[in-house]
Structures are given as structure tokens and as C-alpha cells.
Amino acid sequence: MSGEVHTATNQIKSTVPHPYHMVDPSIWPVLGAMSAMCVAGGIIFAAHFGNFILLAVGLLGAMSTMYVWWRDVVRESATPGLHKMITQIGLRYGMALFIASEVMFFVSFFWNYFNYFFYPDKMGYAMAPVWPPMGVTTIDPFAIPLFNTMVLLLSGTTVTWAHHCLLEGDNKGTVQGLAVTVMLGLAFLCGQAWEYTHSPFNFYHGGVFPSAFFIATGFHGFHVIIGTGFLIVCLVRAMRHQFTPQRHFGFEAAAWYWHFVDVVWLFLFVCIYYLGRSAIVAG
Amino acid sequence: MSSTTHDDHAHNDHTHDAHGDHGHAKPGFVRRWLMSTNHKDIGTLYITSAVIAGCVGGILSMLMRAQLMYPHNHIISSGTEWNAIITAHGLIMIFWMVMPALIGGFGNWFVPMMIGAPDMAFPRLNNMSFWFLVMGFIFVMLGLLIGDGTGAGWTIYPPLDNARYSPGIATDFSLFSLHLAGISSLLGAINFIATILNMRAPGMTMHKMPLFVWAILVTAFLLLLAIPVLAGAVTMLIMDRNFGTSFFEPAGGGDPVLFQHLFWFFGHPEVYIMILPAFGVISHVVSTFSKKPIFGYLGMAYAMVIIGFVGFVVWAHHMFVSAISTDSRVYFEVATLVIAVPTGIKIFSWIATMWGGSIEFKTPMLWAIGFIFLFVIGGATGVVLANAGLDQELHNDYFLIAHFHYVLSLGAVFAIFAGFYYWIGKMSGHPYPEFWGKVHFWTTFIGVNLTFFPQHFLGLAGMPRRYPDYPDAFAGWNFVSSVGAMISGASTAVFFYILYRIFTSKEKLADNYWGEGATTLEWAVPSPAPHHTFEDVPVIQ
Chain A
1 MSGEVHTATN QIKSTVPHPY HMVDPSIWPV LGAMSAMCVA GGIIFAAHFG
51 NFILLAVGLL GAMSTMYVWW RDVVRESATP GLHKMITQIG LRYGMALFIA
101 SEVMFFVSFF WNYFNYFFYP DKMGYAMAPV WPPMGVTTID PFAIPLFNTM
151 VLLLSGTTVT WAHHCLLEGD NKGTVQGLAV TVMLGLAFLC GQAWEYTHSP
201 FNFYHGGVFP SAFFIATGFH GFHVIIGTGF LIVCLVRAMR HQFTPQRHFG
251 FEAAAWYWHF VDVVWLFLFV CIYYLGRSAI VAG
Chain B
1 MSSTTHDDHA HNDHTHDAHG DHGHAKPGFV RRWLMSTNHK DIGTLYITSA
51 VIAGCVGGIL SMLMRAQLMY PHNHIISSGT EWNAIITAHG LIMIFWMVMP
101 ALIGGFGNWF VPMMIGAPDM AFPRLNNMSF WFLVMGFIFV MLGLLIGDGT
151 GAGWTIYPPL DNARYSPGIA TDFSLFSLHL AGISSLLGAI NFIATILNMR
201 APGMTMHKMP LFVWAILVTA FLLLLAIPVL AGAVTMLIMD RNFGTSFFEP
251 AGGGDPVLFQ HLFWFFGHPE VYIMILPAFG VISHVVSTFS KKPIFGYLGM
301 AYAMVIIGFV GFVVWAHHMF VSAISTDSRV YFEVATLVIA VPTGIKIFSW
351 IATMWGGSIE FKTPMLWAIG FIFLFVIGGA TGVVLANAGL DQELHNDYFL
401 IAHFHYVLSL GAVFAIFAGF YYWIGKMSGH PYPEFWGKVH FWTTFIGVNL
451 TFFPQHFLGL AGMPRRYPDY PDAFAGWNFV SSVGAMISGA STAVFFYILY
501 RIFTSKEKLA DNYWGEGATT LEWAVPSPAP HHTFEDVPVI Q
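From first to last, the protein sequence lines are chains A and B.
Mapping to my numbering: the first sequence position 105 is 105, numbers consecutive.
Mapping to my numbering: the second sequence position 55 is 55, numbers consecutive.
Calculated from the structure, these hints are not laboratory results.
A portion of the hints provided could be inaccurate.
Every beta carbon over 12 angstroms from chain B, so not counted as near; a handful from chain A, in silico [unchecked claim]:
1) S35
2) T65
3) Y67
4) M104
5) M127
6) P141
7) Y274
Restraint-style ranges between C-beta atoms, simulated for each label pair [to be verified]:
8) G79/B to I53/A: 30 to 40 angstroms
9) P80/A to E434/B: 50 to 60 angstroms
10) R32/B to D72/A: 17 to 27 angstroms
11) Y119/A to F243/B: 20 to 30 angstroms
12) P200/A to R465/B: 39 to 49 angstroms
By construction, the Cβ of each residue, glycine as well, lies at the ideal position given by its N, Cα and C atoms.
Input sequences plus hints: build the corresponding full structure.
Here it is as C-alpha cells:
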């Protein structure tokens with residue numbers, strides 16, 4: 001079959017202009033990369049010298065870049081003729097692939113956890129091969145974690161409520177659904193903050209269990225913050241009537257992201273909070 | 001090379017006037033190179049940065065070979081300095097030379113053109129990928145130059161790089177440089193997949209896509225799924241160093257071998273991330289200069305897909321001496337040997353493509369045949385090392401060094417040069433000097449073989465890697481190896497002379513200066529390719 005494939009000579013030159021969105025030159029990518037470098041360098045300076053200035057500059061730069069860049073995207077989406085159907089499909093690919101990479105990011109932290117969960121004999125310094133390690137009191141899965149599970153599951157339904165209202169053209173309902181979802185996200189974060197401040201083990205020099213616990217749940221919490229921010233942006237855009245029943249990919253991307261965060265939590269709840277609980281739990 | 005003035009093309013006419021005020025005309029310097037949203041300009045930036053990084057990494061390797069030329073040499077003053085040099089050499093060559101050249105450079109330039117798309121799916125994101133790479137390069141250089149430098153090796157194993165043995169700030173810079181380069185690759189991967197799946201011209205079905213596009217597609221999926229795991233592992237390392245955690249610290253119950261698992265779960269796909277785009281380039285070059293379509297097109301495409309899949313389940317063959325169980329060793333040995341099958345399909349098909357073809361030994365073809373020859377040698381030593389029993393003996397000695405330099409610095413780098421000579425006319429519009437291209441090839445070919453072939457003997461004789469000195473018994477082959485390195489280094493001067501000749505050339509090239517053998521879409525547009533290709537959708541039959 002290869003004889004006739006992909007040959008330039010078989011190309012027909014049509015006179016149909018391409019349907020893609022050719023983006024104008026932009027300074028935001030350079031600023032974004034420089035801000036990221038400042039964040040990375042800022043973390044190093046903060047850790048080694050206790051100097052937070054570079055970190056603050058970097059974070060401010062990163063947030064500002066995100067704001068102006070995505071403001072441009074929103075404006076472009078509202079400009080007729082730029083985001084044709086195929087460009088909208090491209091954005092979907094982009095978001096789905098980004099979430100796939102996020103899944104692999106969490107795989108590394110679950111791998112870390114399961115390494116000790118399934119093979120507690122791999123713990124260093126002749127620690128007794130039991131998981132959670134001897135002497136560790138864990139958090140009661142049926143206290144705040146279960147409450148947080150319910151909060152996140154409920155937020156999954158409220159974001160769907162907003163989506164259905166959006167499809168029906170009911171803007172008021174969309175705003176309501178999104179507002180409730182954002183509040184549930186904030187409620188989850190409050191629960192998580194309370195849990196962290198009252199946890200029976202310490203992150204700093206606490207050993208392998210707190211390390212595995214806090215990195216997995218901590219990065220999840222960080223993603224909840226991102227997801228809530230994304231939903232807040234959608235809420236503002238819904239209040240400004242920027243979504244239509246036909247075109248609202250910004251909302252859909254936020255919803256996808258929110259569901260991803262939700263699913264990660266379910267794995268955390270089952271594998272770390274429930275299966276990884278100690279005989280006596282605090283909470 | 002045929003050197004006639006290119007015929008005026010239909011799409012040349014309305015490139016500049018019709019959409020001129022939309023940033024479609026060539027912008028000024030800052031807009032063009034700092035704010036670019038054009039896949040060709042960004043590709044050029046990638047290739048330029050790969051040349052710079054390659055020179056830095058190459059200078060480091062010259063330093064190493066100078067030190068090892070004679071036993072008890074004192075060119076490098078301390079073992080710490082040596083460690084910093086080997087670490088930076090590995091990191092720079094992988095993340096800032098091979099990957100940017102093949103994926104960011106040729107991928108950016110030719111994937112959109114080969115599928116008939118006007119640009120990448122996310123042009124701003126494309127630019128940010130490049131600038132993340134630059135920022136990462138600044139960090140990896142800080143990691144080399146600050147204090148004692150980063151001395152943990154490119155594999156950054158704990159405890160070598162924990163707070164106790166690498167207390168300095170340099171190691172943190174190197175670790176964060178991996179984050180920055182990783183984000184760059186990840187964003188690039190998302191961009192390539194979205195482009196290839198969404199922006200093919202009508203008629204360009206998946207099964208008609210050129211093999212280079214297939215190679216980049218598989219590579220992008222490997223990046224998408226492997227890089228985040230490295231990010232997680234590096235994050236845990238940084239926390240162990242700075243924030244009192246115990247992921248890999250046995251004192252707190254951590255497991256250093258876990259880091260090796262996470263690292264190689266990324267690291268093995270990374271090997272294919274470097275070589276699959278090379279496979280793609282070689283397929284095009286071999287087909288063009290044999291004046292035959294590639295033999296077994298679908299088999300070639302799916303062999304890369306299979307290599308991609310299997311590449312994810314063989315990682316622990318890098319850890320045969322790292323306290324993994326016998327059962328694990330058996331599994332990882334067998335799974336690794338399986339990869340020889342799809343790789344064999346590739347080699348067989350390249351040879352079958354040449355078989356009965358009307359072969360022209362132009363410079364790109366020399367590099368491609370050199371690639372096949374050297375990659376087979378590297379592949380054969382790979383089969384040797386895949387045996388867990390043999391690896392007990394050969395692990396971390398110069399046999400391993402010879403193996404991975406044969407597949408990478410002779411394999412991937414030869415493919416980069418094959419692609420460079422194949423496409424430089426399309427990118428610059430000017431021909432390269434054929435005679436000097438061949439001089440470059442032969443000096444490099446002799447130089448690298450002289451460098452790395454003796455390292456097999458050194459390894460079999462038991463010389464360990466990562467030491468700045470060795471017993472007198474190893475002096476002979478080390479001297480030969482260093483002479484080879486000097487020859488390879490000198491060949492780089494020929495390369496720069498060729499660059500000078502290309503960019504001072506007044507000759508213009510035709511659209512398809514390779515003739516009937518070159519059949520992919522980039523040969524249907526003028527040389528140099530206009531700033532925006534395919535303003536009108538091409539239809540592929």
C-alpha cells in the first residue's frame with residue numbers, strides 16, 4: 001500500500017483557506033517561562049537562605065501571565081472567525097491530554113505510597129515491616145475525610161447541574177450551580193486545612209508515612225485550589241453571559257478538571273485514608 | 001543538489017498581502033524571535049539552541065577524554081569537579097541537545113508541513129515550550145558552575161544527591177532544571193499530539209502519514225506519560241533535600257530503590273523519546289536516496305507504536321544490581337529482549353528499502369547508513385546487557401558507556417546530522433557544500449568509532465565508569481579513545497565551516513531539490529519554505 005501514500009505529487013492545491021486560528025505574536029510565553037524560572041529559583045533561595053522575594057516575584061509574574069494570556073484567549077474566542085469548530089476540537093485535545101499527564105503525575109505519588117503499602121519490608125533502617133509504620137496514628141477516615149468525600153461528590157453533581165442549565169440556556173441556573181460548586185470546593189479546602197493542622201503526625205522530619213500522606217493529599221489539595229480557581233473564572237464568565245448553549249468549552253474544561261480532581265480524591269480516600277488506617281485512629 | 005531558481009508558487013502570492021496586518025507578514029526581530037507564534041521560527045530557535053548546548057556538552061566530553069587520555073592525569077583537579085562535569089554532560093546532551101534538535105527542531109519545522117497544516121495547534125504554547133527549555137538550560141549551567149557543582153550523575157540517584165552528600169545549592173538548580181525542561185517537553189508533547197490528530201489535511205489519513213510524523217506522535221505520547229512521573233520523583237527528591245521528608249531517606253523509613261524505579265519508569269521511555277524521531281528521519285532519508293517508497297510502511301509505523309508500548313514495561317533492566325528480586329530480573333530481562341523484535345523490523349525494512357533501489361550516496365544518506373550500522377552495533381550490545389546475569393558483571397562499566405553512546409551519540413546524533421543535511425536546503429533555501437558534508441561525515445564516523453569501540457574492551461576488562469583515573473593496565477585503549485574524541489571534536493569545526501558556507505551561499509534551491517525520491521509534502525512548497533505554508537488547504541489523494 002505504500003506505493004501511493006503521502007506523495008507530494010498527488011497533492012491537489014485547493015483554494016479553500018484553512019480553518020485554523022493563526023495566533024498573533026505574543027510576549028506572554030517568554031514572561032511565563034521567566035516567571036517559572038523565578039518560582040523555581042525562589043523555592044531554592046527560600047529553602048537555603050530563607051529569602052522569599054524571588055519566589056514572590058515569580059508567583060506574581062506567573063499569575064499575571066496566566067491572567068493576561070487567558071484573557072487573550074477569552075477575547076479571541078469571542079472574536080468571530082478565530083475559533084472555528086476545528087480549533088475548538090483542538091482545545092479539547094489539549095485539555096484532555098493535559099489531564100492525562102496530570103494523572104501520571106499522581107501515579108508517581110501513588111507508586112510511592114503503594115511501594116510501602118504492599119512491601120512494608122522495603123522501609124529503611126530495619127523498621128518493622130508493617131504499614132502504616134509502628135507508632136503512627138492515622139486520621140480517622142470516617143471523620144473529615146468522609147465528609148470531604150461527600151463534599152466533592154456533591155460538587156460533581158452541582159457542576160453537572162450548572163452544565164445542564166447552560167445547555168438549556170438557563171444562565172441564572174448556571175450561575176447558581178457554579179456558585180454552589182465553588183463553595184463546596186472551598187468547604188473541602190477548609191476541611192483539609194483543619195485536618196492538616198490537627199493531624200497526629202508531622203510533615204517535617206515525620207518519617208516516611210507523613211511524607212507519603214502529605215505529598216499525595218497535598219498535591220491533591222493544590223489541584224483543588226487550581227480547580228476552584230478555574231470554576232471561579234467560569235462563574236465570572238457565566239455572570240457576564242460569555243457562554244452559549246453551543247459554545248462553552250472553558251466551562252467544560254473546568255468541569256473535566258473538577259471531575260479529575262474528584263476521582264483522584266476517591267483513590268486517596270480508599271487507598272490512603274481507609275486501607276492505610278492504623279488500628280487506633282485519631283480524629 | 002540541483003540548484004535552479006524555485007518556481008513561483010500559488011500560495012506565495014497571497015501569503016503577504018491578503019492577511020498582512022494579522023501578523024502574517026514577517027515581523028521585526030523582537031516579535032519574530034521573542035514573541036514567535038510561527039512553527040518554523042520556533043523550530044529554528046530550537047535547532048540553534050541545540051547547536052549551542054551540543055557545543056557546551058561537547059566541550060565537557062573533550063575535557064573528560066583529555067583527562068582520561070593518560071593515567072594519573074591532572075587536567076581535572078578533583079573527583080568532585082569530575083562528577084560535576086559528567087553530570088552536566090549527560091543532562092545537557094539529553095535534554096538540551098538531542099531532544100530539542102529532533103523533537104523541537106525538526107518536529108516543529110516539518111510535522112505541520114508534512115500533514116499539510118499551516119502551523120502547530122497551540123502556537124503560543126509552542127513558544128513557551130522553547131523558553132522553558134532556555135530557562136532550564138540556565139539552571140543546568142548554574143548547577144554545573146556554582147560551588148562544587150552537581151555531582152550525582154545524570155541519574156540523580158539518592159543518596160548521592162541528598163542534603164548530606166550534596167548539600168550545596170547547585171544540586172537544587174540541576175533538579176529544578178529537570179522540572180523546567182520537563183514542562184517544556186510536556187507542553188510540546190500536548191501540542192504535537194493535538195496537531196497531528198486534529199490538523200491533518202483532507203485525505204491525510206493516519207495510515208498515509210509520513211513516518212517522521214508517526215515517530216513524533218509516538219514520542220509525544222511517551223513524553224506525555226513519562227515526564228510527569230519524573231516530575232513527581234524530582235519533587236520528592238527536592239522535598240527530601242529541603243523540607244525534611246523521608247521519601248528516599250532510609251533513616252526516616254524511606255526507600256532509595258523506589259527512586260530508581262520512578263526514575264527509570266521515566267528514563268527508559270526517555271531512551272525511545274530520543275531514538276524514535278531519529279528512526280523517523282532515517283526512514284525519510286533512506287527512502288529518498290534509494291528512490292523507493294519505504295518498505296513495509298505500516299509495519300514501520302506500528303513497530304514504533306510497539307516500541308513505545310513495550311518501552312514502558314522494561315524499566316528495571318537499569319536496576320539489575322539494585323536489590324530487585326530474581327523474579328523481577330527474569331521478567332525485565334525477557335521483556336527487554338522483546339524490544340529487539342520491533343527494532344529488528346525497523347532495521348530490516350530500511351535495508352529492504354535500499355535493496356534494489358537506485359541508491360545515491362549524498363551526505364544525508366551517508367549519515368543514515370552510518371546510523372543503521374552503528375545503531376545495530378549499539379542494539380547488539382543492548383541485547384548483551386539485557387541479560388541480567390551478564391549485566392551483574394557489566395553494570396556501570398565502560399561496556400555500558402560504549403553501548404549507550406553507540407545508540408545515542410552515534411545513533412541519535414547521526415540521525416540529527418542526516419536530518420540536518422536532508423532539510424537544511426528546505427529550511428535555509430541554500431545548498432550545503434557536498435564535499436565538506438562528506439568530510440564531516442567521515443571524520444565524525446572515524447572519530448566516534450575510535451572513541452567508543454575501544455570502550456567495549458575497557459568495560460569487558462573491568463574499567464568502571466565515572467572515575468577520573470584508572471590503573472595503568474587500561475592506558476592503551478583509553479589513549480585510543482581520547483584520540484578518537486579529539487578527531488570527533490575537530491569534525492565539529494568542519495560542521496561550523498559548512499554552516500558558514502550555507503549561510504553565505506548565494507545559490508537558490510528548487511522546491512524539491514532531491515528529485516523523485518522525496519515525496520512528502522514539505523517538498524511541494526518552495527525552498528526556503530515560506531513563513532506561512534498552506535494558507536489554502538492541500539488535499540491529499
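Hint by hint, here is what the structure shows:
no.: 1; hint: S35; verdict: violated, 9 angstroms
no.: 2; hint: T65; verdict: violated, 9 angstroms
no.: 3; hint: Y67; verdict: holds, 14 angstroms
no.: 4; hint: M104; verdict: violated, 4 angstroms
no.: 5; hint: M127; verdict: violated, 5 angstroms
no.: 6; hint: P141; verdict: holds, 22 angstroms
no.: 7; hint: Y274; verdict: holds, 21 angstroms
no.: 8; hint: G79/B to I53/A: 30 to 40 angstroms; verdict: holds, 36 angstroms
no.: 9; hint: P80/A to E434/B: 50 to 60 angstroms; verdict: holds, 52 angstroms
no.: 10; hint: R32/B to D72/A: 17 to 27 angstroms; verdict: holds, 19 angstroms
no.: 11; hint: Y119/A to F243/B: 20 to 30 angstroms; verdict: holds, 25 angstroms
no.: 12; hint: P200/A to R465/B: 39 to 49 angstroms; verdict: holds, 46 angstroms
When the structure is compared with the earlier hints, violations turn up for hints 1, 2, 4 and 5 and for no others.
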